[in-house]
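S.K.: Here is how the chains run, residue by residue.
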Amino acid sequence: MVTLGQRATKPTARVRVTSLQLKLIMAVSGAILIAFLIVHMLGNLKLFFGATAIDEYSAWLRTAGEPAVPAGTLLWVTRIVLLAAVIGHIWSAAVLTGRAHRARPVRYVHRRPVNGSYAARTMRWGGVIIALFVIYHLLDLTTGTLNPHGVHGEVAANLIADFAPERWYVTLFYALAVIALAFHVRHGVWSALQTIGRSSAATQATLKGVALVFAVLLAVGFLSVPFAVMTGLVS
Amino acid sequence: MRLTLKVWRQSGPDDAGRLVTYQVDDASEDMSFLELIDVLNERLILDGEEPVAFDHDCREGICGACSMVINGEPHGPQKATTTCQLHLRHFRDGETITVEPFRAGAFPVVRDLVVDRSAFDRVIAAGGYITAPTGTAPEAHSVPVPKPQADRAFAAATCIGCGACVAACPNGSASLFLGAKITHLGELPQGQPERYSRVLSMVEQHDAEGFGGCTNTGECAVACPKEIPLDVISQLNRDYLAAKTSKRKAGAAPAKS
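Listed in order, the protein sequences are those of chains A and B.
Just so you know, the working numbering puts 62 at position 62 of the first sequence, and the rest follows in order with no gaps.
Just so you know, the working numbering puts 117 at position 117 of the second sequence, and the rest follows in order with no gaps.
Worth double-checking, as some hints may not be accurate.
As the list claims (entries may be wrong) - Below, computed lysine-lysine pairings styled on DSSO-like, alpha-carbon distance capped at 27 Å:
| id | chain 1 | residue 1 | chain 2 | residue 2 |
| --- | --- | --- | --- | --- |
| 1 | B | K226 | B | K79 |
| 2 | B | K147 | B | K6 |
| 3 | B | K147 | B | K247 |
| 4 | B | K6 | B | K79 |
| 5 | B | K226 | A | K208 |
| 6 | B | K79 | A | K208 |
Stated by the list, open to error - Residues of chain B placed beyond 12 Å of chain A at every Cβ, according to the derived structure:
| id | residue |
| --- | --- |
| 7 | R18 |
| 8 | E29 |
| 9 | S32 |
| 10 | V39 |
| 11 | E49 |
| 12 | P51 |
| 13 | C58 |
| 14 | Q85 |
| 15 | E139 |
| 16 | H141 |
| 17 | A150 |
| 18 | D207 |
As the list claims (entries may be wrong) - Some chain A residues judged to face chain B by a derived CB distance under 10 Å, without partners named:
| id | residue |
| --- | --- |
| 19 | T18 |
| 20 | R79 |
| 21 | M123 |
Everything labelled a hint here was simulated from the structure, so no lab data went into it.
Glycine is no exception: its CB is placed at the ideal position from the N, C-alpha and C atoms.
This is chain B alone, in the form it adopts within the complex (with noise of 0.2 Å):
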């Protein structure tokens, strides 16, 4: 296969960064798309070139590591597909694909395609997960729970935290990552004493570290490599309202680290 890719190219978080076109004539339609930027990379290596910077880590569609807008949709064309796991099969021969990064204000450009998405962590430091005592794991029969409520916690809890839903996004809003960890805690037993302290923090985050409002137009499901549905967002909504309208429901204000 012949490609001809347009990569976003930037040397820093400083420098303004600009599109460069590199043509590539042996790729395989086999080859997923961080192999094809590994075959540039190597070619850029032989000619003294420097290597495009991009991210990936498990290389098989779990870790959320891997990121890249292709042809204008976050993680490329194919539904529910990782850039790792995207293959050039889904490419025509000879077609030219634009490569850019994930942009965000929350989300700034580290080098090429590399952005620095640290601003989720914080966000699930501010309340996204369960304040536990470590130890051995709990006899897992002790506490049931429902299979409906079951199965729409693993369903949200798929979330990998790629970022694809800011990518996407008009507004630059994380809701979509947001209703899907507040839906996957708060849909569990387990969950439930810092349900609603957990929506407050976690929602003055997210707006902390600048990302916008959800306008509902539902691009982030569309783009999600693991189809979290739009309706996580509705629950956060109603976690959000009832916290606030709510003073014992929001408790005492969450242990701060």
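Excised from the complex, chain A in its bound form (with noise of 0.2 Å):
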């Protein structure tokens, strides 16, 4: 019989990083892709201002910050900061699931959950659905090279050939990507708050409206392009 004096008194393993840090890495580079988000969304409505006035934004965002800096200076630094921002939530999100799969060796016969929202039990597939989807869509509107129009410079015709009515499954795949990255918003923004001890008893309700507020309105304003292409909105 194993009696409980024969077991290790002191767990042997140290932990290099504490989860705590870990999580504080998810929300910094979470509200760093975030304000990124914002940014990007405001961009993508300047083409209810016409064609022109979108082209004339993505120009802008390679000259901007000149004569100060060089041409592109500005964008390359958002590109780094952002690229740094995504491998330290990915790589902590790997991290910190790695460790609640060992904290959960054997799993319940019966369990189902109770509280958590939908957001939050997707978090994690979630996430690598919106990176898949990251990855087309450079490979879409940044590079060009899966865009049918695919002309550098051409904001507004790329956008328009590729949210054609005849792609409705391009447009459809965005909805889906944009509505998974609301869902993921909506509990990331609540959870870094909590996470970085922003919350209270009293705060909390009106935290998670706030979350939820801000998803849909990132959600709509990002929807709010391809749909206007598709249905001829924007033509």
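Grab the two chains, each in its own frame, and use the hints to assemble them into the complex.
M.R.: Okay, structure coming up:
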């Protein structure tokens, strides 16, 4: 018979990075990515001010900061910061997922979730879907490789070719990805606020509400462009 | 009442374990869930079988000894209730009830429904106390505590350390337990001198025990028989961040025994 006294009294494994530190990396990198999403969404809406508005805006993104810094500097700094945020976000998520799996080596035969929202439960796989979407999205509208028009600098023409009614499946895929993103952001914003200790009993419901409203606004803003193109509102 | 129980039977830490179905025909709706297992065990003993091992002590909902995941919920379906205070009137006649141990890598199964929760003791030993010379209790009025702080500290101090939060957490995290201790001691003037060194060493021990990280799903706060609120985890995070970013706050390394 094994008695409790025979067990190691202190675990030998020392943790180099605590889960709370990893959560802080998730929160900070997530905040950087959300800041980018806001700017990205506002930039997209320029399409509603005409084809030249969005084309000029996209050209400005490359020259912004001139003449203080050479053309493209700000663009590349942003790209490097975003890449670092994405790597930090995915790396800490992967480490935390591994720890979560090790923390419950034997699963329950019978256990159903009673509280966590759908958004909270789908953070990990939702994140994977978003990552795959981002790869497609970059190949589509940044490099133009997968875009039917694919001419560098002709943003409006690329968008209109991309979301043409006969390419409804592309629009559908974008819509699903944006909805997945909205779910991710909804739980992510609230969770990040909790992680940095900015949530209290009094503000909890408000913060969850703010996260929900923000996620919905973000989704509506991002979805407006492909739907406007598909329905012929913008041509 | 007739009840069908599917109980997790595991002869020891190295046994794989399995659910075994038992029929209890003479259950009463006034019995507590532990009494139901008692009745089952009496029959098993008379039949020459091994009784079901389970943890219990005070049977009045304050000691934190009883555990069990009943129909997928730690301490069963009744809110703010420990297994010992859960009565069979909350189940339907003829119902099939699944009973499993609390499942976590840090809570290894000793036998059947008994898990080893000494990981919690080691987390407490890492700093969940106030270093004070023992002796007679000091005059209570010598340290005034504002009412809101006292209320919050008391609410957090109701944690009985049963481990239901870990059992409920999809990540096997003990953040609610940790948050309850940090909030309880951190709200009171007596807890201030060690406030930030405490959070650092308790978090480190929590991770070393193999508990997972928090994803703020809130499953723990629903399972908690003492209704510890989720905001204690925010408090834990806030104190941890403060300790990590301020050398002065973190102070000297905590005394190790």
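S.K.: All the hints need checking, so say for each whether the structure fits it.
M.R.: Here is how each hint holds up against the structure:
1. K226/B x K79/B: Status holds; Cα separation ~9 Å.
2. K147/B x K6/B: 47 Å, violated
3. K147/B x K247/B: 31 Å, violated
4. K6/B x K79/B: 22 Å, holds
5. K226/B x K208/A: Within the cut-off at roughly 23 Å; holds.
6. K79/B x K208/A: Holds - the C-alpha atoms of K208/A and K79/B are around 23 Å apart, at most 27 Å.
7. R18: 9 Å, violated
8. E29: 22 Å, holds
9. S32: 21 Å, holds
10. V39: 22 Å, holds
11. E49: About 18 Å separates E49/B from the closest Cβ of chain A, which puts it past 12 Å; holds.
12. P51: 16 Å, holds
13. C58: Holds: least Cβ distance 20 Å, greater than 12 Å.
14. Q85: With a cut-off of 12 Å, Q85/B remains clear of chain A, as the shortest Cβ separation is near 19 Å.
15. E139: 32 Å, holds
16. H141: 28 Å, holds
17. A150: 15 Å, holds
18. D207: Since the minimum Cβ distance to chain A is about 4 Å, D207/B lies within 12 Å and the statement is violated.
19. T18: Cβ of T18/A sits 5 Å from chain B, so the hint holds.
20. R79: Because about 29 Å separates R79/A from the closest Cβ in chain B, which is outside the 10 Å limit, the hint is violated.
21. M123: Hint on M123/A: holds, closest Cβ of chain B at ~6 Å, below 10 Å.
Violated hints for the displayed structure, listed by number in ascending order: 2, 3, 7, 18, 20.
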